[in-house]
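Asker: Residues per chain, in single letters:
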Amino acid sequence: MSHDLLPVRKVVLGLGNTLNRDEGLGVQALKMLDAQLGKKREFELLDGGVLGLNLLMIVEECRHLLILDAVNAGKPAGTVIELTKEQIPLYAGVKLSQHQITFQEVLGLANIRGYLPEHLHLIGIQPKDISVGIEISATVERALPEVVKRSISILNHWEN
Amino acid sequence: MTERIVIDPITRIEGHLRIEATLDQSNTITEAFSSGTMVRGIEKILRGRDPREAWAFAQRACGVCTTVHSFASIRSVEDALGIKIPKAANLIRNLMIAQQYVHDHVMHFYHLHALDWVDVVSCLKADPAVTSTIQQKISAWPNSSPGYFADVQRKVQSIVDSGQLSIFANAYWGHPAYKLPPEVNLLAVTHYLEALDWQRDATKIHTIFGGKNPHPNFVVGGVPMPIDLNSDTALNAERLSIISDSINKMITFVDQVYIPDLLAIAPYYLEYGGIGEGLGNFLTWGEFPGEDNSDISKFLVPRAVILNRDLANIQVPNPNDFAKMQEYITRSWYNYKGGDQIGLHPWQGETEFNYTGPKPPYELLEVEKKYSWLKAPRWAETPMEVGPLARVLAMYASGHEQTKELVNLVLSTLKIPITAVFSTLGRTAARAIETKVFADMLRTYYNDLVTEIKAGNTQTYNGEKWEPSTWPRRAQGFGYMEAPRGALGHWIVIANGKIENYQMVVPTTWNGSPRDHNGKPGAYEASLVGTKMADPNSPLEILRTIHSFDPCMACAIHMVDAEGKDAGEVATGLDIYHR
Numbered sequence: 005m006s007h008d009l010l011p012v013r014k015v016v017l018g019l020g021n022t023l024n025r026d027e028g029l030g031v032q033a034l035k036m037l038d039a040q041l042g043k044k045r046e047f048e049l050l051d052g053g054v055l056g057l058n059l060l061m062i063v064e065e066c067r068h069l070l071i072l073d074a075v076n077a078g079k080p081a082g083t084v085i086e087l088t089k090e091q092i093p094l095y096a097g098v099k100l101s102q103h104q105i106t107f108q109e110v111l112g113l114a115n116i117r118g119y120l121p122e123h124l125h126l127i128g129i130q131p132k133d134i135s136v137g138i139e140i141s142a143t144v145e146r147a148l149p150e151v152v153k154r155s156i157s158i159l160n161h162w163e164n
Numbered sequence: 004m005t006e007r008i009v010i011d012p013i014t015r016i017e018g019h020l021r022i023e024a025t026l027d028q029s030n031t032i033t034e035a036f037s038s039g040t041m042v043r044g045i046e047k048i049l050r051g052r053d054p055r056e057a058w059a060f061a062q063r064a065c066g067v068c069t070t071v072h073s074f075a076s077i078r079s080v081e082d083a084l085g086i087k088i089p090k091a092a093n094l095i096r097n098l099m100i101a102q103q104y105v106h107d108h109v110m111h112f113y114h115l116h117a118l119d120w121v122d123v124v125s126c127l128k129a130d131p132a133v134t135s136t137i138q139q140k141i142s143a144w145p146n147s148s149p150g151y152f153a154d155v156q157r158k159v160q161s162i163v164d165s166g167q168l169s170i171f172a173n174a175y176w177g178h179p180a181y182k183l184p185p186e187v188n189l190l191a192v193t194h195y196l197e198a199l200d201w202q203r204d205a206t207k208i209h210t211i212f213g214g215k216n217p218h219p220n221f222v223v224g225g226v227p228m229p230i231d232l233n234s235d236t237a238l239n240a241e242r243l244s245i246i247s248d249s250i251n252k253m254i255t256f257v258d259q260v261y262i263p264d265l266l267a268i269a270p271y272y273l274e275y276g277g278i279g280e281g282l283g284n285f286l287t288w289g290e291f292p293g294e295d296n297s298d299i300s301k302f303l304v305p306r307a308v309i310l311n312r313d314l315a316n317i318q319v320p321n322p323n324d325f326a327k328m329q330e331y332i333t334r335s336w337y338n339y340k341g342g343d344q345i346g347l348h349p350w351q352g353e354t355e356f357n358y359t360g361p362k363p364p365y366e367l368l369e370v371e372k373k374y375s376w377l378k379a380p381r382w383a384e385t386p387m388e389v390g391p392l393a394r395v396l397a398m399y400a401s402g403h404e405q406t407k408e409l410v411n412l413v414l415s416t417l418k419i420p421i422t423a424v425f426s427t428l429g430r431t432a433a434r435a436i437e438t439k440v441f442a443d444m445l446r447t448y449y450n451d452l453v454t455e456i457k458a459g460n461t462q463t464y465n466g467e468k469w470e471p472s473t474w475p476r477r478a479q480g481f482g483y484m485e486a487p488r489g490a491l492g493h494w495i496v497i498a499n500g501k502i503e504n505y506q507m508v509v510p511t512t513w514n515g516s517p518r519d520h521n522g523k524p525g526a527y528e529a530s531l532v533g534t535k536m537a538d539p540n541s542p543l544e545i546l547r548t549i550h551s552f553d554p555c556m557a558c559a560i561h562m563v564d565a566e567g568k569d570a571g572e573v574a575t576g577l578d579i580y581h582r
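Top to bottom, those sequences are chains B and L. Residue numbering for the first sequence follows the numbering used here, beginning at 5 and increasing consecutively. Residue numbering for the second sequence follows the numbering used here, beginning at 4 and increasing consecutively.
Misleading hints may appear alongside valid ones.
[Stated by the list, open to error] Which residues of chain L face chain B? A partial, calculated answer using Cβ under 7 Å: (1) G44; (2) R63; (3) I162; (4) V163; (5) D200; (6) R203; (7) P217; (8) H218.
What the hints contain is simulated information worked out from the structure, not anything from laboratory work. For each residue, glycine too, the CB sits at the ideal point set by N, CA and C.
Produce the complete structure using the sequences and hints provided.
Answerer: Below, the structure written as structure tokens:
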């Protein structure tokens, strides 16, 4: 009931459904980060979409994991939210879990299996509009560069 | 006085499904209503786009079903434009589709459905030596020592002690409807954990053929990966060997873990052979084409309609039949220009929202009016069940030898009659049976592919009709796909090189549909009637039957709360979206 792979990957994982405007902001931020970083780098940028449990394999192979995602923290839309490993709710209780296997539960599973990445960060934005559509809101669009900036700062630490 | 209980949302499925059930005084369900409480809208996004790129949008309709929507989408374009794909490409697609079944069904069984039958907490009371004896009796699976099961038990104990039950937390532990002895519970919990590691090997086929994971690539006209045994970037000998190894691991897990577990658990729940049938009508679009992807006579899973359990008279449905393949919105939150009573074929389909339900938060839906974001698809005005049971019945009735053997094996092992297959138990067994059939087909398709490569047939892409200048001014097509949870269809209308209309009818829309213009219920609704509940406040019996259909609401409807988020989520304070 365990795998023998060493957790060595360094991954930036963009999450969200790109058909629901700001819900997909993590994937949009990933694209912007990709464009700014250039080709030479030691880590992988992955578009995780809303794959849920299928992402467990990737999470468990990471030593470094940065998650980009839409976060509802009850803040004004467009607010950039940064969470360290200790602040990310690995499992947020019965109310949330009543939906499906959320990404928090993927992290929770990785944790109980002993494979939570050693270095774990989450950077997100409070969404404004998650209706059907592919364009993100102007409010969130304005906040994306800040997400990219903070991501690069974290990645700089990874390279050391 | 009747009581209506509400389950919203149904746990452990993708997205939002709400079931309202009316009980009589003996706590037996007399009426049930199934509602998708989020809106779908992918069709609006696709209009006006390049048909060759539709798959990249369609695959995002559901986080779990990306592969099936991609295939249905590219097949709809190939059908519209008359594109034939090369033989090797067809074999590679069949390998990807068969892998998807095996992976998806195993994960559904252990990670979604098992928790309705397996009491995780009870496994702490098990004697690991007895579990070891059971394991060694039912299969040759090597992880079978008493010490191994004792380790798992300690692990579960530490999880329980730490208060981090994680996804185990959301169930009805201790419910009187759980019947397994602690030792069998320990067996199943162990395999729950093992399946998480197994899926790492099982997904290698997609990573290789799709070029990347997650979200592999697809292409109209074939598959994106070229075959060249001497190239580092193509399908080469090394990659073929990884695929072969992955196939072996999939077959071994199905043979030694999944099938034996099913047969070890089922005897404790034989009453479910008489619960949860529903409609008795079944539809498949068919799957696993032979050489020509449009020749339905060579499909492994036939294209079939079965009515009233009648396996002797299978019909072949034509998805392009305007009079028979229709979607109704009489009880759904949509408008049709022609009014609420008419049905529309998907090529004429309309997607205009019309929410008339109560303002959330609400206690009960107005089920006598419109009450769901799911439309009601019907075949010849008849509601249909789609999914593993439909496929196994279609293969069984058409004389597929291995399917017949496996069905007979399950019936004789459990000592139940053939009529028991029309049930929650039958649906659950059918999922395992077809997993075995498709896992074995992985080996067949692999061998066929190697034969083609040796014969020099390495073409994987047909680009003859790639350029829009080669297309007719107007064309329409149907893209079939037997998704793990049932018949999926994408209907496309192409005009002047762009998508003019695009409609998906997904498996969960068939199974989870609300009532139609004639008041006929959908498959979930029909399947729950007559089910007696031990405790209406812990509706485990409803979950067992609904989960046996493997609902996937994220693609049946869309990922948005149409009317705002519910109070429960706000109260948690921090909520990362992705349900």
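Asker: Give a verdict on every hint.
Answerer: Evaluation of the provided hints:
no.	hint	in the structure
1	G44	3 Å, holds
2	R63	5 Å, holds
3	I162	5 Å, holds
4	V163	10 Å, violated
5	D200	5 Å, holds
6	R203	5 Å, holds
7	P217	5 Å, holds
8	H218	6 Å, holds
Checked against the numbered hints listed earlier, the structure breaks hint 4 alone; every other hint is satisfied.
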